[in-house]
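Novice: Kindly produce the complete structure, drawing on both the sequences and the hints.
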Amino acid sequence: MQKLSIRTNRRCDIIDITTAIKNYLVEIKAHTGLLSVHCPHTTAGITINENADPDVRKDLLKYLGQAVPENDGYAHSEGNSDAHIKSTLVNCSQILIVEDGKLMLGQWQGVFFMEFDGPREREVWLKYLPDGKR
Amino acid sequence: MQKLSIRTNRRCDIIDITTAIKNYLVEIKAHTGLLSVHCPHTTAGITINENADPDVRKDLLKYLGQAVPENDGYAHSEGNSDAHIKSTLVNCSQILIVEDGKLMLGQWQGVFFMEFDGPREREVWLKYLPDGKR
Amino acid sequence: MQKLSIRTNRRCDIIDITTAIKNYLVEIKAHTGLLSVHCPHTTAGITINENADPDVRKDLLKYLGQAVPENDGYAHSEGNSDAHIKSTLVNCSQILIVEDGKLMLGQWQGVFFMEFDGPREREVWLKYLPDGKR
Chain R
999 MQKLSIRTNR RCDIIDITTA IKNYLVEIKA HTGLLSVHCP HTTAGITINE NADPDVRKDL
1059 LKYLGQAVPE NDGYAHSEGN SDAHIKSTLV NCSQILIVED GKLMLGQWQG VFFMEFDGPR
1119 EREVWLKYLP DGKR
Chain Y
999 MQKLSIRTNR RCDIIDITTA IKNYLVEIKA HTGLLSVHCP HTTAGITINE NADPDVRKDL
1059 LKYLGQAVPE NDGYAHSEGN SDAHIKSTLV NCSQILIVED GKLMLGQWQG VFFMEFDGPR
1119 EREVWLKYLP DGKR
Chain C
999 MQKLSIRTNR RCDIIDITTA IKNYLVEIKA HTGLLSVHCP HTTAGITINE NADPDVRKDL
1059 LKYLGQAVPE NDGYAHSEGN SDAHIKSTLV NCSQILIVED GKLMLGQWQG VFFMEFDGPR
1119 EREVWLKYLP DGKR
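Residue numbers (the numbering used here), protein chains in the order written: chain R, 999 to 1132; chain Y, 999 to 1132; chain C, 999 to 1132.
Hints in this document: simulated from the structure, not taken from any laboratory. Among the hints, erroneous ones may be present.
Identical chains blur together in the list; that is why a pair holds if it fits in one copy or across any two.
Stated by the list, open to error - Straight-line Cα separation of at most 30 Å, DSBU-like style, residue types lysine-lysine; simulated pairs:
1) Lys1056 - Lys1027
2) Lys1056 - Lys1020
3) Lys1001 - Lys1060
4) Lys1060 - Lys1100
5) Lys1060 - Lys1027
6) Lys1056 - Lys1100
7) Lys1020 - Lys1060
8) Lys1100 - Lys1027
Specialist: Below, the structure written as structure tokens:
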């Protein structure tokens, strides 16, 4: 398992980690299998979405901010319940297909770390499971 | 990896792909492992939900349409930010258990392709990872 | 594959299943691989979130109850469309990394069964896929 280090810059942020993932697959000489991209934090998540127009990411963060208000009479005293809720809605991991050494993403897909309670130093865990038949 | 072709018929649509997945597992003589069902598009997703009453799917699409309005002052100029947001909320893939050649789903579970910016020709990617111990 | 039995106590409930999952990994002498935690029901789900302050879980259930009302002119006649919608939003499964026999979760992460149409007797399916290279 590999740990990536990420620095987020705002309370809510979205960081493209696609290249870091591809570099890891090259480094370990991955061939064919599945890759887990896991966020070990409970106020952040991992999503796959458009890698072209940055406005898509902006709209996604804005939507989540409106749908899950920062203050809404939450019981949790740390004041970041919205971030925990967003983490469950977005999911804390993604599983990706690796085929012939290539990360199988659609033409417009990138992998993103979503921060909901930053700025912070964060980690992403990568675990590659090769096809056992090879 | 296998690519399924799917034709969606409306802007927002939901297509049962359970049988196509089961047929693929028979074709490759899958025994025991995990199966990734991956949508390579950023304005669609894959979900698992009830396969019996079609009204459940109708209610799900209607809910998403209300929760994520098509027009809401989005920055993304293509006019389909709602579809990208729904894709993140629903998720672009599902991982399923395969045991003794059988797709392990609960009695009422089916696997569905969710279209949020159709009608279009779409793909679903299937990747089976067998248990390496066998 | 292992089936866990779970008893939920309210219509909407959240049950910590982390210890049961860890016990299963010990029992099967898991070493390194991926673990699927699958909910075979269409009105429940599996999430990973904070395992410390129970108020986080309370806030999460409350949020989902407000975001997806129990009655909202749904077409599905069984009266539990809200539960089906929540199941898609939360997701019916999680894939976890297992490394050197250890369930790889962040310091504050636990695995939770989310009930949206209880109280009921429920199941969670666990399937471990070992690293084929070992």
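Novice: Hint numbers the structure violates, sorted upward?
Specialist: Hint check: 1, 4, 5 fail, others pass.
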